[in-house]
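> Between the sequences and the hints, there should be enough to build the whole structure, so can you do that?
Quick note: the sequence shown uses our numbering, first residue 1, plus one each step.
Treat the hints with caution; some may be incorrect.
Stated by the list, open to error - In silico lysine to any residue, SDA-like type, Cα no more than 25 Å apart, as pairs: (1) K102 with T113; (2) K134 with G111; (3) K55 with D120; (4) K125 with K70; (5) K55 with A91; (6) K136 with G151; (7) K172 with S156; (8) K102 with L116; (9) K70 with R35; (10) K96 with L80; (11) K130 with F158; (12) K155 with K172; (13) K55 with C66.
As the list claims (entries may be wrong) - Computed spacing ranges between beta-carbons, pair by pair: (14) R145 with T89: 34 to 42 Å; (15) K173 with T119: 50 to 58 Å; (16) K73 with R145: 28 to 36 Å; (17) H67 with D128: 26 to 34 Å; (18) R139 with K114: 42 to 50 Å; (19) R153 with K53: 27 to 35 Å; (20) K55 with D86: 15 to 23 Å; (21) K125 with E82: 28 to 36 Å.
Just so you know, the hints here were simulated from the structure itself, not pulled from any lab data.
For every residue, glycine included, the Cβ atom is placed at its ideal position computed from N, Cα and C.
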Amino acid sequence: MAKTQKVKDKGYKTPEKKAVEEKKRPVERVENLIRIMSTDIPASRNIYAGLTKIKGVSFAMSNAVCHILKLNKNRKIESLSEEEIDKITEAIQNPKIADFMKNRRFDFDSGETKHLSLTDLDLRKEFDIKRLKKIKSYRGIRHSRGLPTRGQRTKSNFRKKGKNKAIGVKTKKTGKKG
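In structure tokens, the structure reads:
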């Protein structure tokens, strides 16, 4: 009995206390999700912030879609109808916005300006990096070695990434002969 009393005095929770606390906890409610362009978006979010969960949609793009479709940005996503969701999907896939807002300007292969999202964006980025490595450009070499490509300093940062895990400076050992 003295042992259990000692445990209670230290602030540890006995199994009985844990069981009582677990019963008191509120049940976690699973949040409703709305699926737009194969992305789950919490239904409690407003349209403006919710659309940014889709890969390739920035706040500017989200604002443009809301403006083009004349949707209230502060409206909740759960209040959207199926028609409106289809219109949003179409507007993101084929946006009728200025070229400077699109994320793929002057495509290397076709030369046209387009807006990519989801897996298209990932694939295109991967192909661009492969092309840079193949032609052995400076950026391609930096990518292949796992180093930063945009001019950052590497003396103190980027040390644990990839093969170069050595930290510190190696010095010659000086020993006395004896």
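> Taking the earlier hints as the rules, which of them does this structure contradict?
4, 16, 18
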